[in-house]
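Trainee: Protein chains in written order, with the numbering used here: chain W, 820 to 1203; chain P, 820 to 1203; chain B, 61 to 388; chain G, 61 to 388.
Please note that a few of the clues may not be correct.
Said to hold, decoys possible - Here are the simulated DSS-like cross-link-like pairs (lysine-lysine), alpha carbons at most 27 angstroms apart as the crow flies:
| # | chain 1 | residue 1 | chain 2 | residue 2 |
| --- | --- | --- | --- | --- |
| 1 | W | Lys1121 | B | Lys65 |
| 2 | B | Lys95 | W | Lys1110 |
| 3 | G | Lys278 | G | Lys316 |
| 4 | W | Lys1110 | B | Lys316 |
I should point out that these hints are in silico values taken from the structure, not numbers from a laboratory.
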Amino acid sequence: MSDKAVAERQEPTPSVGDGGPDMIQLLTPEGQRVSHPDYDKYVENLTADDLRSFYRDLVLIRRLDAEGYALQRQGELGLWPSLLGQEAAQVGSGRALRPHDFVFPTYREHGVGFVRGMDPQSSLQLFRGVSQGGWDPKENNFHLYTIVIGAQALHATGYAMGVKMDGNVGTGDPERDTAVICYFGDGASSQGDVSEAFVYAASFDAPVVFFCQNNQWAISEPVTKQTRIPLFQRARGFGFPGLRVDGNDILATYAVTKHCLDMARSGNGPVLVEAYTYRMGAHTTADDPTKYRISAEVEQWKFRDPILRLKSYLAHEGMADESFFKAVDEEADGFAAELRAGCLSLETMPGHTMWDHAYAEDHPVMEAERAAFLAYQASFEEAN
Amino acid sequence: MSDKAVAERQEPTPSVGDGGPDMIQLLTPEGQRVSHPDYDKYVENLTADDLRSFYRDLVLIRRLDAEGYALQRQGELGLWPSLLGQEAAQVGSGRALRPHDFVFPTYREHGVGFVRGMDPQSSLQLFRGVSQGGWDPKENNFHLYTIVIGAQALHATGYAMGVKMDGNVGTGDPERDTAVICYFGDGASSQGDVSEAFVYAASFDAPVVFFCQNNQWAISEPVTKQTRIPLFQRARGFGFPGLRVDGNDILATYAVTKHCLDMARSGNGPVLVEAYTYRMGAHTTADDPTKYRISAEVEQWKFRDPILRLKSYLAHEGMADESFFKAVDEEADGFAAELRAGCLSLETMPGHTMWDHAYAEDHPVMEAERAAFLAYQASFEEAN
Amino acid sequence: MATTKMTLAKSLTSGMRKAMERDPKVVLIGEDIGKLGGVFRITEGLQKDFGEDRVIDSPLAESGIVGTALGMALRGYRPVCEIQFDGFVYPAFDQIVSQVAKMHARGLGAVRVPMVIRIPFGGGIGSPEHHSESPEAYFAHTAGLRTVACSNPEDAHWMIQQAIECDDPVIFFEPKRRYHDKGEYDVDAAAAPRGLFEANVVRAGTDVTVVGYGPVVKTMLEAAAAAETEGTSLEVIDLRSLSPLPIDVITASVRKTGRLVCVQEASSFLGMSSEISAQVTEQCFYDLEAPVIRVAGANIPYPPSRMEDNFLPDLDRILDGVDRALAY
Amino acid sequence: MATTKMTLAKSLTSGMRKAMERDPKVVLIGEDIGKLGGVFRITEGLQKDFGEDRVIDSPLAESGIVGTALGMALRGYRPVCEIQFDGFVYPAFDQIVSQVAKMHARGLGAVRVPMVIRIPFGGGIGSPEHHSESPEAYFAHTAGLRTVACSNPEDAHWMIQQAIECDDPVIFFEPKRRYHDKGEYDVDAAAAPRGLFEANVVRAGTDVTVVGYGPVVKTMLEAAAAAETEGTSLEVIDLRSLSPLPIDVITASVRKTGRLVCVQEASSFLGMSSEISAQVTEQCFYDLEAPVIRVAGANIPYPPSRMEDNFLPDLDRILDGVDRALAY
Ligand SMILES: Cc1ncc(C[n+]2csc(CCOP(=O)(O)OP(=O)(O)O)c2C)c(N)n1
Ligand SMILES: Cc1ncc(C[n+]2csc(CCOP(=O)(O)OP(=O)(O)O)c2C)c(N)n1
Ligand SMILES: [Mg+2]
Ligand SMILES: [Mg+2]
């Protein structure tokens, strides 16, 4: 056997499963590094430290998620939308962003928020029902959650149009050129607002990366209800590039997102990334997936777990050992305890504050209703 | 020179102008028949009589349009949306339909309505302001006009879903298999409703042909504001076929529409046809195109006139002579006079009928308001 | 007459089932209404029994749900749309207001649009934003639509059937926090106890009339029971139909009591209570001993769920309204 | 003080021009607003002077107009959206109601959404369907929005500038059939004659108060002139702000006259007049000599243009309303 043949035989090949041959992958489900002519360059400079910190992020947000689930079950949260299975899609894309890039999440991007530096209490606060969001998007360039499916795609596009109007694309200055990333799900792709966002973004060359986490389900509906063809191809119809990446492969997600953000920043307009992944849990704690999907499907996706994949890779390459993994788990324990304590301390605001932020400027009705409410409350206190 | 070379030299080639190489054409702007491997078969069986009746339709609807314009200028209509330049797109596609197919027009398809057998007064009635439509869609399987851009795309899709639920696709029985055709403009392609219609139609394999008349303008906005790429490619993003046809070529429009209707009827789901054409006039009588487009563009399109094209072909092929053309013009004169007389005789309905058709079933508020109105009117008569 | 005990949710299911059995043209369309049976399980079991053509899981797009349903209606079907939550009806607003509501008038009566749009509405279930709204006024203000709200299982069972039978489009509001309330009635009765557009005097009384619809009806009845212990007799009216408004039932009551309290969860400004107040004042000007009192949601976006008790009209706020009416 | 004679249309143009000159963050977006200057020419000349980045011709999609404008506002811009006609605002309804109106509350004040949505409204211009509607109640009912309507050139000039300066989203209604009405005023005055959310007593009177907004203000003034010749003195109030509602100006007037007629083109059911009636009755119960009379559009889809005179409140119908108020 020639040397070349040996090398070829040893070279791992992507294992794309039902993601199909267009799916970009850099790590197989077994954690083997496969090379890709276009995307290797984006991960070449990642140090072992970087990769370990990727791993840490993955583990911490999975813990965050588990804690959210538990808190809901214990009645401390009203609802919890789990990101289980989508950790790599979220951390990989989130870590690809520069600080001055801007993020428009849906309601499930706890992981992206975390890597942007958001206080993890932020999303707990929302699902606990003490606010409808309540954070300042400018602090971490991470917008408020949007619950109405697809609406944020237009906000992201308009924001990106503003970035361009500011002259912050295509200058070549990395401190200046700015991209916007917009998260949405496979189901959201059907909403008129998402298509309109595609039209506007293409028409105005808006620097926005549409990042679709295709987790195969929109509550009980499989992605085949929304589209006949792979979702990344939707972009074709609007005249901009679309790519499918293995969303359970943090390296590929990181690389592809970096690539697409660069394209957007350069002034070429929008790009669509479809991160092919899977919602391992229920849609939310209010959902019962046994009604509509078979457990064999879930079992199959367990073999593609995003965390195990990176772990195998790190271990195999000698970049991390048991003590590291153990340390991360311990950190996660502490993190979870903190989260839980923080969540329990999130207090409901007094009733009269309801009127404080309906409007930015003075509003006579707010004042009158607040005063009436306080008087009404006082009447009970008097009565007692 | 070999015989073959001579034959090749004599074979006319399509003249696609800025429609690009994907544009399907069977008649050049000069009226030369060019052959197309896929579409010749749809026009082969057309007799000289058929072609003459195509010509007649074109001339009559152009006259209808001119009359609409004149009536508006004389204050007899409130508004008139002209179809000038789009006659072949409308007659070609309309004639491709079978009687039991169903049409969803916009507000500009006077030509399609005409070939469906609609009383031409129908659309005059609307633009005169004596009704908002007022015809029964079931009579000619021609729905009411829709003015809200793009809304009818969903109606057409739902109707087509109903056709399929009825079992009227893919049976192979031409009397039974039914297609729906939905008209809209280039501007409409940006509306969320049109994209949602694409999603639904693809998801349910609805037998609907989306027929987009790209007349290059949406009021003052060029089609490049709506899309970076040729509009027929929009369908790619949704996983169904899209075709561009020369909308000023009645043979090609007829052939392509027939082909697409057959595809839809067979149960394969939707098809998008982009009829590449031009709005020769103003958007409506309320518009002033000199504000936003150069006359050179209009001049250039005059060379692609759909009626002259068919006329040259008929004359050149000896299928019609001057006496025929003259007879059609004379028929058009009579038709126009009738139209005009008919329009002037369209009376405004008495005020109290306003309440008659807001609801299908009895409604106490309608009765009360009608009664109050009549009493109020009577009070004036008493006073006089 | 055999009566059955059933929740409001299951009463809707049974009503739809009956309508579907009776008329093969009745089809359901909405998100997750198939295998899942809808997020509130209102369509549970129906796809299994009637097939995917009659219980249609739609792509995730509400304008699409309503717009395609309208197209089906034009083809001769009687579609029933499910909107998942109140706050998700707005993407379909254009189709509802400009198409569904106006199609019949546009065709001068040639076209009928027999369709129902079901919307679970109201708060009190501890949900995040957009899941607790009361958008009924938008629809009641829209000419061409009929708008109703059920409040109890028996009504739910009948009203949904009547709505499906109606040849006009009906916006059908379901009080989501009452889905699990139970009622006992004859599911197989031959006819509805009353017309779809009739109000119901659910408790007779003499001192003050209290009118509301949907989820607050139960609260009004509780308030009436509490008031009785203090010697005040409330007449409680369940409006049922918001448009057309069964105003005669209200004015007849007000002519008797002289006092009216209107209750709704929606923000007060331009809500149903405003219209009722305006009409009652017009028609009963000399009968009113006090101005019409409105007990309603605040004029702010619906608050976070842990604060919603401050927003929603509860028993105390209704009694406070009654006191205010009696203070004149 | 040098005054200029200007149409309402041109007053809006001049107001927007001033706002754009003052603040480079003010941008306009809408269909056909560039070279064409909009179908009503309200933005005429502005793209030429401020460029395509500040006067943005949008693709044909209203949800896109409002949704991207909101995104621009989040980036620090102050977008002014043009909706081409009243009946075409509904595709943007979800963005307006669930996003624009609620974003500030969602962020507990961290996010401001200073944007204006301009909507030409009302009938009387002989147009086909969807071109003559009065959808203001939908927006006034929506908490989180401010809703105003101008009625004359000077107000138009100022109100649009004030709306653009407002840090809350403002729905700005323009009375399209009054676009060509002329007014004479000082375009370069340093300050607005009154706040954006203040009503204006446009004619003092003693017998009956008449309140309205937008296109009917002129009609109300004509009615007042006609009434005077018959010895009836009408006090005419131009509401200007629909939400917040400047109720104090109305109640002050009603306390004087004891009678109120409300005028609007919108269907009466759940229209502004209903809310005014409810509030005035609450606050002026013992002052009212007659119930509040509403003169409004019928509760039907807007009729074909040749019938619209039967639909719209005209001078006679206003006087009839006055007579009815005086009959008590
Ligand atoms: C406009 C709208 N309609 C319906 C819903 C209810 N809903 C919440 S999440 C969801 C499914 C979303 O699926 P997908 O976009 O794939 O995102 P995923 O939840 O899988 O992350 C639905 C229907 C909503 N939030 N907004
Ligand atoms: C939802 C909506 N927005 C705006 C309008 C106003 N309008 C009427 S026609 C038109 C342009 C339509 O362009 P296109 O779709 O290309 O059709 P064309 O008029 O060229 O046939 C616009 C913006 C409308 N009718 N509906
Ligand atoms: Mg999903
Ligand atoms: Mg066009």
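Trainee: Each hint: holds or not?
Mentor: A quick look at each hint next to the structure:
Of the pairs offered as hints, the one joining Lys1121 of chain W and Lys65 of chain B is violated, with about 44 angstroms between alpha carbons and a cut-off of 27 angstroms exceeded. Using a Cα cut-off of 27 angstroms, the hinted pair Lys95 of chain B and Lys1110 of chain W holds, with the two alpha carbons roughly 6 angstroms apart. About 23 angstroms separates the Cα atoms of Lys278 of chain G and Lys316 of chain G, which keeps this hinted pair within 27 angstroms; it holds. A C-alpha spacing of about 53 angstroms is found between Lys1110 of chain W and Lys316 of chain B, which places the hinted pair above 27 angstroms, so the restraint is violated.
Hint compliance for this structure: hints 1 and 4 are broken, all remaining hints hold.
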